[in-house]
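> Sequence:
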Amino acid sequence: MKHADNIIGAFDEASVARLTGLSLTQLRYWDNTGFFKPSYAQENRRAPFSRVYSFIDVAGLRTLSILRRIHKVPLQHLRRVAERLSHMDQSLWAKQKLYVLQREVYFTEPETGQHRGVVSGQYACIELKAIVDDVTADVKALRERPNDTVGKIEKRRNVSGSEPIIAGTRIRVSTVLAFHREGYTVDQIIQEFPTLKREDVEAAIRHGDRKAA
Numbered sequence: 001m002k003h004a005d006n007i008i009g010a011f012d013e014a015s016v017a018r019l020t021g022l023s024l025t026q027l028r029y030w031d032n033t034g035f036f037k038p039s040y041a042q043e044n045r046r047a048p049f050s051r052v053y054s055f056i057d058v059a060g061l062r063t064l065s066i067l068r069r070i071h072k073v074p075l076q077h078l079r080r081v082a083e084r085l086s087h088m089d090q091s092l093w094a095k096q097k098l099y100v101l102q103r104e105v106y107f108t109e110p111e112t113g114q115h116r117g118v119v120s121g122q123y124a125c126i127e128l129k130a131i132v133d134d135v136t137a138d139v140k141a142l143r144e145r146p147n148d149t150v151g152k153i154e155k156r157r158n159v160s161g162s163e164p165i166i167a168g169t170r171i172r173v174s175t176v177l178a179f180h181r182e183g184y185t186v187d188q189i190i191q192e193f194p195t196l197k198r199e200d201v202e203a204a205i206r207h208g209d210r211k212a213a
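Just so you know, we're using our numbering here: the sequence shown kicks off at 1 and counts up by one.
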């Protein structure tokens with residue numbers, strides 16, 4: 001699993017829901033209908049961790065959440081915006097500086113520098129708050145873990161199917177072991193899951209070794 005942002009990493013559905021204010025049902029519906037697909041998706045969406053999102057995905061989903069919840073922009077309008085700006089793919093929601101007026105999305109027209117409605121073609125100048133910095137701060141807060149959880153394995157009822165997980169996270173031990181079996185080093189696994197510490201990965205490997213013995 002390779003990710004587009006080597007600094008921030010990848011996010012499971014539960015983390016994305018917490019960071020964006022969107023429900024798991026919304027995320028899955030948008031994926032299934034093709035409106036917003038996770039960057040790292042398995043063909044079998046019923047498999048564990050079959051939907052994994054990049055940082056750019058999270059920033060884009062945060063933008064969409066604000067447009068829907070705060071500015072009351074209809075989903076059908078957002079779909080039409082995505083169609084009109086399809087040359088940018090879904091990263092437009094994170095990378096394009098957007099504006100909103102009366103539930104319509106505007107962008108900066110490259111030719112004129114004016115703020116033009118993506119769908120209507122009308123002009124306005126009310127800026128939608130920048131998202132990326134806020135998401136970065138929230139990701140940092142989300143990933144802060146108590147020191148006493150580092151290097152420990154735990155089971156929690158109704159969390160990750162009650163399978164063993166890295167304490168203080170929702171990352172399954174089996175997921176870490178799958179990367180280990182594929183030949184990923186400890187450092188490479190940490191790059192894929194920046195929440196983890198070296199002690200976490202080593203504890204997961206030891207746990208797998210004990211189960212196999």
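The hints are simulated quantities; they were obtained by calculation from the structure and are not laboratory data. Some hints here could point you the wrong way.
[Claimed, not checked] In the DSS-like style, the derived pairs of lysine-lysine whose C-alpha atoms are separated by at most 30 Å in a straight line are:
#: 1; residue 1: Lys37; residue 2: Lys197
#: 2; residue 1: Lys95; residue 2: Lys152
#: 3; residue 1: Lys140; residue 2: Lys95
[Stated by the list, open to error] Derived CB-CB ranges, DEER-like:
#: 4; residue 1: Thr185; residue 2: Val119; range: 47 to 53 Å
#: 5; residue 1: Lys95; residue 2: Ala212; range: 43 to 49 Å
#: 6; residue 1: Thr25; residue 2: Lys97; range: 50 to 56 Å
#: 7; residue 1: Asn147; residue 2: Asp89; range: 18 to 24 Å
#: 8; residue 1: Glu202; residue 2: Val119; range: 51 to 57 Å
#: 9; residue 1: Arg181; residue 2: Thr112; range: 24 to 30 Å
#: 10; residue 1: Ile205; residue 2: His77; range: 44 to 50 Å
#: 11; residue 1: Thr112; residue 2: Lys152; range: 26 to 32 Å
#: 12; residue 1: Arg156; residue 2: Lys37; range: 37 to 43 Å
#: 13; residue 1: Ala47; residue 2: Asp209; range: 23 to 29 Å
#: 14; residue 1: Gln76; residue 2: Gly21; range: 51 to 57 Å
#: 15; residue 1: Thr149; residue 2: Pro48; range: 17 to 23 Å
#: 16; residue 1: Lys140; residue 2: Thr25; range: 25 to 31 Å
#: 17; residue 1: Ser23; residue 2: Glu202; range: 32 to 38 Å
Owing to the predicted nature of the structure, the values given are computational and were not obtained by experimental measurement. Note that CB positions come from ideal geometry on N, CA and C, so glycine has one too.
> The structure should be examined with respect to each hint, and the outcome stated for every one.
Taking the hints in turn, this is what the structure says about them:
1. At most 30 Å may separate the alpha-carbon atoms for a hinted pair to count; Lys37 and Lys197 meet this at roughly 29 Å.
2. Simply put, Lys95 and Lys152 have alpha-carbon atoms about 38 Å apart, too far for the 30 Å limit, and the pair is violated.
3. Distance check on the hinted pair: Lys140 and Lys95 sit about 20 Å apart at the alpha-carbon level, within 30 Å; holds.
4. Range check, Thr185 to Val119: about 48 Å between beta-carbon atoms, so the 47 to 53 Å window is met.
5. In this structure, Lys95 and Ala212 meet the distance hint of 43 to 49 Å, their C-beta atoms being roughly 45 Å apart.
6. A hinted range of 50 to 56 Å is violated for the C-beta pair Thr25 and Lys97, which are about 29 Å apart.
7. As the Cβ distance of Asn147 to Asp89 is approximately 40 Å, the hint placing it in 18 to 24 Å is violated.
8. In this structure the hint that Glu202 and Val119 lie 51 to 57 Å apart at CB holds, the actual value being about 53 Å.
9. Against the hinted window of 24 to 30 Å, the Cβ-Cβ separation of Arg181 and Thr112 comes to about 55 Å, which falls outside the hint.
10. A hinted range of 44 to 50 Å holds for the C-beta pair Ile205 and His77, which are about 49 Å apart.
11. Between Thr112 and Lys152, the C-beta spacing of about 58 Å breaks the proposed range 26 to 32 Å.
12. Distance hint for Arg156 and Lys37: a CB-CB separation of about 29 Å, inconsistent with the stated range 37 to 43 Å.
13. Look at Ala47 against Asp209: about 24 Å separates their beta carbons, and that is inside 23 to 29 Å.
14. As the Cβ distance of Gln76 to Gly21 is approximately 20 Å, the hint placing it in 51 to 57 Å is violated.
15. A beta carbon spacing of about 21 Å between Thr149 and Pro48 agrees with the range 17 to 23 Å that was offered as a hint.
16. Range check, Lys140 to Thr25: about 27 Å between beta-carbon atoms, so the 25 to 31 Å window is met.
17. Separation of Ser23 from Glu202 is about 35 Å and conforms to the stated range, judged on CB atoms against 32 to 38 Å.
Consistency with the previously given hints fails for numbers 2, 6, 7, 9, 11, 12 and 14, ordered from lowest to highest.
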